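Kindly generate the complete structure, drawing on both the sequences and the hints.
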Amino acid sequence: MRHVVPQSAPEPKPLSEPVLLILTSLAAHPRHGYALIKDIELLSSGRVRMSTGTLFGALRRLLEDGWIERFEQDDTSRQKQAYRLTGSGRRQLKWELDRMRELTRAGLARLRAAEA
Amino acid sequence: MTRVFQFCLILYPRGHRDQFAEEMSQVFEQAAAERRAGGLAAYFRFAFAEIAGLVTGAAWAWIAPQRAARAAAEKYSHLPGELADAQRRVDANVAAMVHAIANHQFERARQLSNEERIARANLDTLRQKYGDEFGMTC
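Just so you know, the sequences run in chain order A and B. All you need for this note's numbering is the position in the first sequence, starting with 1, plus 29. All you need for this note's numbering is the position in the second sequence, starting with 1, plus 4.
These are calculated hints, taken from the structure and not from any lab test. Nothing here was measured: the structure is a model prediction, and the numbers come from that model. All residues carry an ideal CB built from backbone N, CA and C; glycine is no exception. Keep in mind that a hint or two might mislead.
Label pairs and their computed distance ranges (CB to CB) [what the hints assert, rightly or not]:
| # | chain 1 | residue 1 | chain 2 | residue 2 | range |
| --- | --- | --- | --- | --- | --- |
| 1 | B | 72 | A | 99 | 13 to 23 Å |
| 2 | A | 129 | B | 112 | 11 to 21 Å |
| 3 | A | 127 | B | 119 | 30 to 40 Å |
| 4 | B | 52 | A | 120 | 36 to 46 Å |
Derived DMTMM-like pairs: lysine to aspartate or glutamate, alpha-carbon spacing no greater than 20 Å straight-line [as the list claims (entries may be wrong)]:
| # | chain 1 | residue 1 | chain 2 | residue 2 |
| --- | --- | --- | --- | --- |
| 5 | A | 67 | B | 33 |
| 6 | A | 67 | B | 86 |
| 7 | A | 42 | A | 125 |
What follows is the structure, encoded as C-alpha cells:
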C-alpha cells in the first residue's frame, strides 16, 4: 500500500496574463465588466484589449476559486453588478507580484553582470 | 451585431449563461458603441475579435469542468472507495460553499456549512477505520 504524505498549503501557480490583469485592476477598488476592460487596456498601455468572452471566462474561474466576489454597486451606472478582490485573491496577487519582482531583480542583475 | 453576439451565447453551458449572459451582452453593447465611433474597419475588427473570443470562451467553459473532474478522479485514486467518496464529498462541499459566498448566497452557504460538518465527521470516522496510512488532509 502506498503512503500518503500529508498535504501542506500548495504553492500558488503563476497567474495567466488575463488573470493577473484582472486582479491588478481590482486591487484598488471594485469594478464592473466594462470598467475592467477599459482599465486593463490602460494598465497594459493599450496592448491588451480583452474580449467579453475572455473576460467572463476568467471572472467565472476567479469566482469559483474564491479570489473575487460579486459586489452590488450603489451608484447609478447601468451595471450595478461589480466584482472585488477577496482576501484570498489579494494574497494570490501579492504572491505573483513578489515572484515577478524577484524575477525582474535576478534578470536585471544578470544583464548588468553581462554588460560590465 | 448585438443579436449575433447574443445568439452566440447559446454556445455556452446553461450555468454560465444563467450567471453571465445578460452582463456579457451589456458589456458588449458598451464596447461596441465605443468602437463604432472609431470607424467601420475598427468596428469589424472588434466584432471579429469578440465572436472569436466568445467561441473560444464557450469551448473552455465546456472543457474546464471535464478537466477538473479528471484531475479530481486522479487526486482520489489512491484512496479506498468509501474514503475517496467521503473526501470527495467534503471537497465538493467546501468548493460549493466558497462559490456560494462569492456570489453572496449566504443562506445557501450556511446550509452547505452544516452539510460539510456532517461530511467531515463521516470522513474522520473513516480515517480512524483505515488508520494513519490514509490520514491525508483536505
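| Going back to the hint list, which numbers does this structure go against? | 2 and 6
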